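J.: Residue strings, one per chain:
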Amino acid sequence: MCGIAGILDFKGGGIERDILHGMVMKVGHRGPDDTGIYADRHVGLAHVRLSIIDPDRGRQPMRNEDGSLWITFNGEIFNYVELRRELTALGHTFATDTDTEVVLHMYEEKGEDCLRHFNGQWAFALWDRNRGRLFLSRDRLGVRPLFYTFTRGRLIFGSEIKSVLVHPGVNREVDLRALDQLFTLWVTLPPRTFFKDIMELPPAHYMTVEDGKVSMRRYWQLDYTGEQQNTEEGPCAERLKELLVDATRIRLRSDVPVGAYLSGGLDSSMVTAMARSYTNASLETFSVTFGDPEYDESAYQQEASRFLGTVHHDIGCSCEDIARVFPDVVWHTEKPVLRTAPAPLYMLSGLVREKGYKVVLTGEGSDEIFGGYDIFKEAKIRRFWAKQPSSKLRPLLLKRLYPYMNNLQRQPLGYLQAFFHARREDLSHPFFSHLPRWELTSRLKVFFSDAVRSEIGACNVYEELGTLLPPEYQAWDGLSQAGYLETMYLLPGYILSSQGDRVSMAHSVEGRFPFLDHRVVEFACSIPSGMKLRVLNEKHILKLCAGDMIPPSVKKRHKQPYRAPGGVSFFEPGSGRARFEYIDELLSRAAVGEFGIFNPDAVERLVNKFRKGLAMGTRDDMSLVGILSTQLFVHHFIKGFTGS
Amino acid sequence: MEAIEQELRRFVIDNFLFGRDNGFKDTDSFLERGIIDSTGVLELVAFLEENYGISVGDEDLIPENLDSIANLVRFIRTKMDVS
Chain A
1 MCGIAGILDF
11 KGGGIERDIL
21 HGMVMKVGHR
31 GPDDTGIYAD
41 RHVGLAHVRL
51 SIIDPDRGRQ
61 PMRNEDGSLW
71 ITFNGEIFNY
81 VELRRELTAL
91 GHTFATDTDT
101 EVVLHMYEEK
111 GEDCLRHFNG
121 QWAFALWDRN
131 RGRLFLSRDR
141 LGVRPLFYTF
151 TRGRLIFGSE
161 IKSVLVHPGV
171 NREVDLRALD
181 QLFTLWVTLP
191 PRTFFKDIME
201 LPPAHYMTVE
211 DGKVSMRRYW
221 QLDYTGEQQN
231 TEEGPCAERL
241 KELLVDATRI
251 RLRSDVPVGA
261 YLSGGLDSSM
271 VTAMARSYTN
281 ASLETFSVTF
291 GDPEYDESAY
301 QQEASRFLGT
311 VHHDIGCSCE
321 DIARVFPDVV
331 WHTEKPVLRT
341 APAPLYMLSG
351 LVREKGYKVV
361 LTGEGSDEIF
371 GGYDIFKEAK
381 IRRFWAKQPS
391 SKLRPLLLKR
401 LYPYMNNLQR
411 QPLGYLQAFF
421 HARREDLSHP
431 FFSHLPRWEL
441 TSRLKVFFSD
451 AVRSEIGACN
461 VYEELGTLLP
471 PEYQAWDGLS
481 QAGYLETMYL
491 LPGYILSSQG
501 DRVSMAHSVE
511 GRFPFLDHRV
521 VEFACSIPSG
531 MKLRVLNEKH
541 ILKLCAGDMI
551 PPSVKKRHKQ
561 PYRAPGGVSF
571 FEPGSGRARF
581 EYIDELLSRA
591 AVGEFGIFNP
601 DAVERLVNKF
611 RKGLAMGTRD
621 DMSLVGILST
631 QLFVHHFIKG
641 FTGS
Chain B
645 MEAIEQELRR
655 FVIDNFLFGR
665 DNGFKDTDSF
675 LERGIIDSTG
685 VLELVAFLEE
695 NYGISVGDED
705 LIPENLDSIA
715 NLVRFIRTKM
725 DVS
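Those protein sequences? They're chains A and B, same order as listed.
Under the working numbering, think of the first position of the first sequence as 1, with each following residue one higher.
Under the working numbering, think of the first position of the second sequence as 645, with each following residue one higher.
Hints are supplied without guarantee of correctness; some may be wrong.
[Unchecked claim] Looking from chain A toward chain B, a few residues come up when the C-beta cut is under 7 Å (computed): (1) ARG353; (2) TYR415; (3) PHE419; (4) VAL446; (5) MET616; (6) GLY617; (7) ARG619.
Note that these hints are calculated values from the structure, not bench results.
Bear in mind that the values here come from a model prediction, so they are computed numbers and not experimental data.
By construction, the Cβ of each residue, glycine as well, lies at the ideal position given by its N, Cα and C atoms.
Excised from the complex, chain B in its bound form:
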């Protein structure tokens, strides 16, 4: 899981913060910190599906699953356990 956490972190910092993490923490809300816009959510979902072999349904698209690194790790773990 640590590897996933690092990968996710790198993806978010590369794609949404363009390398400028500015003390960005794993528990920080993407929405509150203005890290992603509406397109960003879809980029994030595409990344999850391509890299972790999971399928993200419309019902999964909620901030509780996708709004921080910590939430994402928990969400991926649950999805992987299910599959």
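So here's chain A without its partners, still in its complex pose:
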């Protein structure tokens, strides 16, 4: 796992090595073990390395035998052993034992079609000198990031936006449409990022630049059209288990020890159990604990660790910790967040690194592909209710779904119906499943300044999202549509980035995700929805597949979504004082007015609500976290950014 950066000069006028060096060093946290640069007249490729496979010979950028191909690669191709065998049989010779070299030879053999053969998580740039062609690519689900921009006749790219910003030709400006999207969907829609004119290469896409022509193509698509293929539960669970075991097995390929995150839930417990069966050495597991029982899962974590025989480490996270690390977190996420949940994960990767680990397996991805999130159940209940809007019994299921939400328990039917969009006319909405969440989030825009409101004007977030959907989308059932939205947008745009790559690589820790093996994802898409969300039992098929590999209590427990204390973290209870100076500074009327995104008067009222302990509910909470993180974003990247 590593960091990459690069420059392509369309006119072949030469590459400034010092700028390229500055760009890659800006993401030095991604690769503390080594640095390398390749540059000719047309292209410069740079690399910082976190050595995991073949530490001695895997230096990058790497070339093929005759130096006609050069690559800078971030990530892992987990099936490189099998691919190498095939390539060797075809006459290819290898100088190292790395997966990076396999990528070079696969490109020699297959051209851009090589991507379809890779099982892994990657972002890379490959320079084909003979053809004068640059080939950029990113993995199917968007585990590893890649950003780019065009300026002054050059293409500038890097693993993180901060490395792109180092180039002196790159402007730093907030993209207000991205702001509008993030304050609706929680994410920006690829290729849009929070910076105007800086794009991300969308997951499952590649870009080629040849003869001055830039083209971008998708090479893989999430597709639920084949659903109903695997209709028998028993064989389906067996096949799923085989795939998951193999996905985990190849994700243990590493020349350094691999640990695992253990949250106390079904997914991470399964991954840990499968990993445990492949290693004779003691497996070390890691988790976050909270003092507040509303968020804490330590009892389940301890139980899973005991059952699976792991050496377990945990790190306690308090409100003060969240407030303390939050500025660093936003430096790494490179976009605002509406939840503080990335902060504890940032601390967790610090613990992993402190214990000497560079690689961890995690259970991310399962909730998206097997119908695990509450939003899927919620949508199912809402559909059921909307078909009989006058029913007094159907809405009671919503109260059963959220037993821990006291406010919701007291809601009268008329209000529940309006908040949850359980009306007949809502049923045909293409984003039916996500309407309550997105409408609630949109309310945060009341804080936008007049200037921002008028700039955003009549932009329609739903319309832009609608243009990105595949034609088959309308024909899919409700769970498939909702799963698609989560997997295509929230997963790469938030879970794998702000809660994933960015906060783990901040401490040079690589996450690996067995549930996101594309074979597992494709198989999950082919399973009937009723086998994933059976009535209101989430991940039914996965639980069957888990069998007795995990503790019965973990399998049976009510799913607890991973959450962390929110806006209250930033103020001391009682006194209402901000816990750290930066909070007062960035939320002051002066700073809010100067940055121009939010209305100073509105922000002041919200802050006072928090200081007095009167803030309650999701909207207040997301508002404060969203505003503070946006202010931090502007502070870090627009006002205070330096290239050094």
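Fit chain B to the supplied structure of chain A, relying on the hints for placement.
T.: Positioned in the frame of chain A, the structure of chain B alone reads:
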């Protein structure tokens, strides 16, 4: 009643619109304009009970009573008359 109307208006604008009334009218539906969320209803009820000495039962929690300034004024008046 005018005083109550003004108080309610100030409460809604301060707490739910954070000072940004944007032409908000007394007859505007809180739900349709997205002014309150599920927690907001409970904040509103707590405000009514604390400030007007009325008791709001579960059966009172309907949009006809609580969904606009005008509805609220009418609801409070009825409650006060009863007591």
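J.: At a threshold of 7 Å, is the proposed contact between A/GLY617 and chain B supported by beta-carbon distances?
T.: holds (3 Å)
J.: Can A/MET616 be said to touch chain B, with a Cβ gap under 7 Å?
T.: holds (5 Å)
J.: Holds or violated: is the Cβ of A/ARG619 closer than 7 Å to a Cβ in chain B?
T.: At 5 Å from the nearest chain B Cβ, A/ARG619 passes the 7 Å test, so the hint holds.
J.: Have a go at the A/PHE419 hint: is there a Cβ in chain B nearer than 7 Å to its own Cβ?
T.: This interface hint holds because 5 Å falls under the 7 Å limit.
J.: Please check whether A/TYR415 passes as an interface residue: C-beta within 7 Å of a C-beta belonging to chain B.
T.: holds (6 Å)
J.: Would the hint on A/ARG353 be counted as holding, given a Cβ-Cβ threshold of 7 Å to chain B?
T.: violated (39 Å)
J.: Identify whether the interface hint at A/VAL446 stands, where standing means a beta carbon of chain B within less than 7 Å of its own.
T.: holds (6 Å)
Going down the numbered hints, you'll see the structure goes against just number 1.
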